[in-house]
Each structure stands twice: as structure tokens, then as C-alpha cells.
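Enquirer: Residue-level listing of the chains:
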Amino acid sequence: MARILEKRSLTSVTKLFRVEAPLVAAAAQPGQFVIVRVREGGERIPLTIADYDRDNGTLTIVVQEVGTTTKLLGTLELGDDILDLVGPLGMAIDMPEKGHVVGIGGGFGAAALLCLMRELSARGNRTTVIIGARDSSLLILIDELEKVCDNVEICTDDGSAGFKGFVTERLAQLIDGSGPGKPDRVVAIGPMPMMRAVSETTREKQIPTLVSLDPLMVDGTGMCGGCRVTVNGEVKFACVDGPLFDAHQVDFKEAVRRNKMYVRQEQASKDRSACRSLALGQD
Amino acid sequence: MPLKRVDKTPMPERDATLRSHDFVEVNEGYNIARARFEAERCLRCQDPVCVAGCPVKIPIPDFVHKVAAGDMAGAAKILRSANPLPAICGRVCPQESQCEAQCSIGTRFVPVAIGYLERFVADWEMSQPPGDPPPPPTRPEKVAIIGSGPAGLVCAGELAALGHPVTIFEGLHAAGGVLRYGIPEFRLPKEVLDWEIEQLKRLGVEIVCNVIVGKTITMDDLFGKMGYSAVFVGTGAGLPQFMGIPGENLNGVYSANEFLTRVNLMHANDFPNADTPVMVGKRIAVIGAGNTAMDTVRTALRVGAEKGMIVYRRSDKEMTARVEEHHHAIEEGVEFHWLTNPVEILGDEEGWVTGLKCIRMELGEPDDSGRARPVPIEGSEFVIPVDNVVLSIGNRPNPLLLQTTKGLDANQWGCLVVEDESAQTSLQHVFAGGDAVTGAATVILAAGAGKSAAQAIHEDICQ
Chain A
712 MARILEKRSL
722 TSVTKLFRVE
732 APLVAAAAQP
742 GQFVIVRVRE
752 GGERIPLTIA
762 DYDRDNGTLT
772 IVVQEVGTTT
782 KLLGTLELGD
792 DILDLVGPLG
802 MAIDMPEKGH
812 VVGIGGGFGA
822 AALLCLMREL
832 SARGNRTTVI
842 IGARDSSLLI
852 LIDELEKVCD
862 NVEICTDDGS
872 AGFKGFVTER
882 LAQLIDGSGP
892 GKPDRVVAIG
902 PMPMMRAVSE
912 TTREKQIPTL
922 VSLDPLMVDG
932 TGMCGGCRVT
942 VNGEVKFACV
952 DGPLFDAHQV
962 DFKEAVRRNK
972 MYVRQEQASK
982 DRSACRSLAL
992 GQD
Chain B
3 MPLKRVDKTP
13 MPERDATLRS
23 HDFVEVNEGY
33 NIARARFEAE
43 RCLRCQDPVC
53 VAGCPVKIPI
63 PDFVHKVAAG
73 DMAGAAKILR
83 SANPLPAICG
93 RVCPQESQCE
103 AQCSIGTRFV
113 PVAIGYLERF
123 VADWEMSQPP
133 GDPPPPPTRP
143 EKVAIIGSGP
153 AGLVCAGELA
163 ALGHPVTIFE
173 GLHAAGGVLR
183 YGIPEFRLPK
193 EVLDWEIEQL
203 KRLGVEIVCN
213 VIVGKTITMD
223 DLFGKMGYSA
233 VFVGTGAGLP
243 QFMGIPGENL
253 NGVYSANEFL
263 TRVNLMHAND
273 FPNADTPVMV
283 GKRIAVIGAG
293 NTAMDTVRTA
303 LRVGAEKGMI
313 VYRRSDKEMT
323 ARVEEHHHAI
333 EEGVEFHWLT
343 NPVEILGDEE
353 GWVTGLKCIR
363 MELGEPDDSG
373 RARPVPIEGS
383 EFVIPVDNVV
393 LSIGNRPNPL
403 LLQTTKGLDA
413 NQWGCLVVED
423 ESAQTSLQHV
433 FAGGDAVTGA
443 ATVILAAGAG
453 KSAAQAIHED
463 ICQ
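As given, the protein sequences belong to chains A and B, one line each in that order. Take any residue in the first sequence, count from 1 to its spot, add 711: that is its number in the working numbering. Take any residue in the second sequence, count from 1 to its spot, add 2: that is its number in the working numbering.
Calculated directly from the structure, the hints in this document are not laboratory data. Treat the hints with care, as some may be off.
What the hints assert, rightly or not - Below 27 Å or equal to it, Euclidean Cα-Cα: the simulated DSS-like pairs (lysine-lysine) are:
no., chain 1, residue 1, chain 2, residue 2
1, A, K981, A, K964
2, A, K947, A, K971
3, B, K203, B, K284
4, B, K144, B, K68
5, A, K981, B, K284
6, A, K964, B, K359
7, A, K875, A, K809
8, B, K408, A, K947
9, B, K408, B, K359
10, B, K359, A, K947
11, B, K203, A, K971
12, B, K309, A, K971
13, B, K284, A, K971
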């Protein structure tokens, strides 16, 4: 069980939780994830570790309320317990070389850049973050990101804040020398179409790029194999071999398809949760 | 001397048509009358050869005689002193190839139903009110157990009985390991497992879930800041193997581990009351013919498949599943495609499984395993139309602990290397047993390994 010590609404559907998890916080590294379960009979879902505080034994996770479990998680309040939380899982980021690293966060993926960019900055890299959202109200954690990296570039689809356009368009400008300049390395975390677009943007210029894949998982320890992805023609388990992979080698088409395996069931589950809430007179 | 029946006293079973749609246990268990009647069949041999066939050397005739005499408490005491998980082993042990294979009656007639009697006695014990709580730990040396499967549970119970404070670390959110996520409810009701775990807790064993040794904490942490004197590694064999044929990543393809975990651990059979789904179409092919394959195909029928098939490259003679599981699967309408080897999983344009392309096989000379080697018949490819494919072709030990534990030696298959007698690994005070050492095997072998390792650990840390 992990007690919620802080809860913040970042947008109407995005919540930040800081939870008490001393063992996980002590072992956590940037790039890793945890698995949570929020009720008996509930599913196990992976969530990227946004940040950790070893001294205080706390872990920060950011959740976008899209399915049954994330919505339930969103209803938990300060002082509540997350029923099960296990981790850290997956491999930490492996980036020994120094240089200009650009982290790209799409939507709530920006949260996962917090500990990642702080660590990369601490290792002596020059760091830039590009975060993007549909409009300025959906941008999250700008102040926090500014503290952990050298430059923060903001993009919105409608131009309500920062650069008007997609993160990949801004990335292309950086590659051409604009702003903080050409990246030596890129890390992208966010929705699959965004990561795929980033991968295409850096492929031709041969800029090493990592993406953080979030396939469906059950156990998160290599036991079920549900999270298999094809990377460079080889089958990998994202939970133990990833979740960060060489973007230019990932079979995105397959990854996108596999993530849609349970679309019908996910909708049925959400409808049922909504019914239950109505029946209970909540919301 | 009473007259001996030549046949086993039949095990009452639920009707195959009804049971293949629910998860209630198939075997209903003996009542006292049947149990005593069956126990009377024992010949009381001077040299009880059955004991030699038991991996944990249960004094079988002794407990069987107690049953015949109606002394169930006495039977339970004998049984539990030799096998800490009798209610589980009585249900899932392959008795026909162990104790019952040796039974003297078996040379001319049908062996005594030792497994059914074991289960009867354990169930009787479960129905009794709990006795006085055992005394608290008496020894200062703490032991950590990694993994709460059969090896870990038994090792924990034995060490607690020897007076040690014991903590089990389990990676999942519920204890039991393969007994929880692997073996289905209709073969091993989870209340039986819960009861066994409850007994351990009464003995003072602490179970900590959601901790993965090798990730959350390290082996060094256990010995260092956490102060354990010894560690037992019972992490099982949970890494699923795939065949490497085209189409394995299509939607609708599962490892048996995933399929069974979704149902057994996550209760996908109760979706959407439970939140985890499992995707089952009308026709499902399970590749492999071990107990896990039988569990998978029978589970598939229970979660809605209309047609369940076993596809196996060898013949029924080489299958590794227990006779009883095979028999139950036949009764429930499972189809068997023997001498059939999958070569490709076919899918539609959207990436969903549509068929399993196979090639027919014939048996050739014996291979390394002593079983006839299956050889493909050229030009015999054909397609079985299916909506799901589940691979049940074996598991290897999980490498997570190995990756972060320096000096812990494993062989080329990832199985931990231990000394035969002591179960000691290449690291001092670290012991191991069960599937993590042998590769995927049986519950009773794991239980036996846990038991003997407990003794070795006790001797190691009490020197």
C-alpha cells in the first residue's frame, strides 16, 4: 500500500500524486515505471515514474484519466492508500555520453521528463525540454521542468502559448539550429503517434533517439509476455528489456495495433464504471 | 482380511457439460465412507514401495491405515509432518507416475488412490477448528524467502517450525506463486491455497507482497541493512517461451502464463465485474500438451470459447500432462491434434488471428529426452481456422534476480546452480530450490526442495 501525501490537478483529466513508497523511491532510476492496482478485482496498470525523492521516501506519478483504473485512481484523495504499488520496474535510461539532450513530452508524458532531465543535467548534459499540448490549459509542470533543465520549449497546436505547432515541428527547427540548437540525443515520452513522429523527424539526421513504450502489461516482471514489442526485428518484453528503446528500430505499427487489442472491453469496463458511479449517486 | 476391490473407489466428479462452463472444482472429493473403503484396499506391504515413489517420502501406509481406522486426526498429523502442502499436492501431484506407480496392488490391479486419500485427509483437517497458536519464534536468526510459490511456502513453514523468524517477499500483489496465477480454480480452489497460507501466518511467517528482490530491494539489502542471516530463492520458472514462428505478435496470441494469469490472478472470467479482460474468440488453439496446456484449454472453454484445441507436435504417448487432466479435457470436449506442428500464425489485415498453419509430423528415432523425435511430413501443411492461439511450450526461470545479484551462478538455461545435498547456491548463505533450480517441474518437487533446503539453512545459520 502507498499512502497519498499530495494530490494536484494539473488539468481537468490529469492528476499528480506524491505517494509514500520508501523502498521504491530508494531504488528508482529515471526511465523506470511502477505498476499499481487500486481495488480488489482491479487491473494492474503500468505508470511511468515522474519523480522520486530518496530522502523523504516519496514517489511522484502523474495519471491521465482515460480508463477505468486511471479514473478510479483520480478519485483517490490525500491520505487515501493506493492498494498495490510495485516497482521500480524496467531498465533505467542508459545514456553515458554527454552532449545536448532534448527531452520531448507530449501531453502528460511531460511528467516523466522530470526525474529524467534532472538526472541527465546532473550528469553534465546540456538539457532542453520540448513539451506540447493542444492548448495552453493542457500544458503541465512547466515551472518544475524549468528547474531541472537548461531550456524549456513550449508548443501548442492553437498557438495559445509558445510555438504554434507540433513538438516535432519545433524539434525540426532545433535540428536546423534554431533556439537551443541541434540535439545530440533525443528522448521522447508521450502518445504513440507523437513518439513515432519524433522518430521520423530524427531518423534522417541520424540523431540517436529513445522512446518510452507503454504496451499493455499484466505483471510487469517478464512473466506474461503481453508487452512484447518488436525492436530491430527482435521480440522484446517492454517490462524487463525496456521501456526505453531505440526509436529508429521500433515497429510502431505493431505496437499501436497491439495496444488496441482490448478497445471494446476497455469501453465496456468504462461504461460499467460510469453506471456504477451513477447508481451510487456519485457524479 | 477384508476382501479388496480391484478398482479404485471412484472420485465423484461434476458433470462434464455443466462444469466446462464454470470454475467450480471438478473433483468433489471422497466422503468418510469412500475414504475408509479405499484405505482398506492398501495391502500393508512390509516393504512400502509407494514411499520410495514420493518425492517427499510421506509414510504413506501409516496415514492410509489411520484413515482405514477412522483416525483422521492421526492421519493428518502423519501427512502434514512429511508434506506441508497436502491439500494442494493431493489435488495436483502426478500420483500415477509417483507413489501410485509403485503400489504393489498396481502390478495386477489398480493402485490404491493415494492422492485422493491425501486430499481427503487434508480437506478433513481444513474443516476442523484451528488449534492453539504455535509458540513464537525462539531463534534470533532471521531468514528471507524470495517468492511465495510452493518451494517458498514450504521452506518458510519448515523454518518457522524450527523457530526462525521468516519473511516471504512476493513480487505480485497476492501470495502463492504459480499456485495462484497458474493453476485454475477448477483444479485447485483458491480457498485451499488461502487456507495453507493462513496456516503459515499462524506459524508466524510474515508475507510481504509487492516487493521484487532484484528490483525493489537487492540481495545485499537482505543481508545488510535488513539483517537476514540466510536467503532462500524460490522464484520459480515464470519466463514464457515463444516458438519464434511468424505471427506470434498478432492480436489474440497469448503465452499460457498471460492467459492463465489474466483469469486466475486477475479474475478476467468475472469481467467486467473485475477490471482485467481476456480476449477469447470462438475457436482457440493451445500449443503444447503439458498440464499447463490442459489448464489453458479447459479455462478457455470456461471463459467462452466454443471449440478448444490442443496442438502438439508429438503424439498422446509423449504428452507430459497428467492422465487425469487429459481425461477431463476429453470429457469436456477438447479436440486433440496430435503430430501437428505449428509453423505460422495467420492474421487478417487488422492484425487479428485467423488461423494456425501447421505441418503434420511422424515419429522417428528417440531423441535426447528418450521420446520419439517428431519429423515433419513434407508437403502436409494445412490451416486450422482459429481466433486465438496460446503458446504453452514451457517456461524458464525469471532472470530479474540474477541480473542484479553478483556471484549468483546459473546454467545456460538460467537455472540456479546449487549443491545437490545442501541446495546452497554459489553465494554463501543463499539457498535455492524448486523450478528456479530445476526449470519447470512439479509442485511436489518444489515442495520437497523447499523442505530439504529449510533443514540445510537451519544447520547453516545455527552453527
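Enquirer: None of the hints should be skipped; say for each whether it holds.
Expert: We went through each hint and held it up to the structure:
For the hint linking K981 (chain A) to K964 (chain A), the alpha-carbon distance of about 26 Å falls within 27 Å, and the restraint holds. Distance hint between K947 (chain A) and K971 (chain A) is fulfilled; the C-alpha atoms sit about 18 Å from each other, no more than 27 Å. Taking the CA atoms of K203 (chain B) and K284 (chain B), the gap is near 43 Å; set against the 27 Å cutoff, the hint is violated. Restraint check: the Cα-Cα separation between K144 (chain B) and K68 (chain B) comes to about 37 Å, which exceeds 27 Å; the hinted pair is violated.
A hinted pair counts as satisfied when its Cα atoms are at most 27 Å apart, and K981 (chain A) with K284 (chain B) qualifies at roughly 24 Å. Restraint check for K964 (chain A) and K359 (chain B): the C-alpha separation of about 23 Å stays at or below 27 Å, so the hint holds. Note on K875 (chain A) and K809 (chain A): the hinted pairing is violated, with a Cα-Cα distance of about 30 Å set against a maximum of 27 Å. A C-alpha spacing of about 24 Å is found between K408 (chain B) and K947 (chain A), which places the hinted pair at or below 27 Å, so the restraint holds.
Annotation: proposed proximity of K408 (chain B) to K359 (chain B) is violated, straight-line Cα distance about 44 Å (limit 27 Å). This hinted pair checks out: K359 (chain B) and K947 (chain A) have alpha carbons roughly 24 Å apart, not beyond 27 Å. About 42 Å separates the Cα atoms of K203 (chain B) and K971 (chain A), which puts this hinted pair outside 27 Å; it is violated. For the suggested pair K309 (chain B) and K971 (chain A), the alpha carbons sit about 25 Å apart, so the restraint of at most 27 Å is met.
Taking the CA atoms of K284 (chain B) and K971 (chain A), the gap is near 20 Å; set against the 27 Å cutoff, the hint holds.
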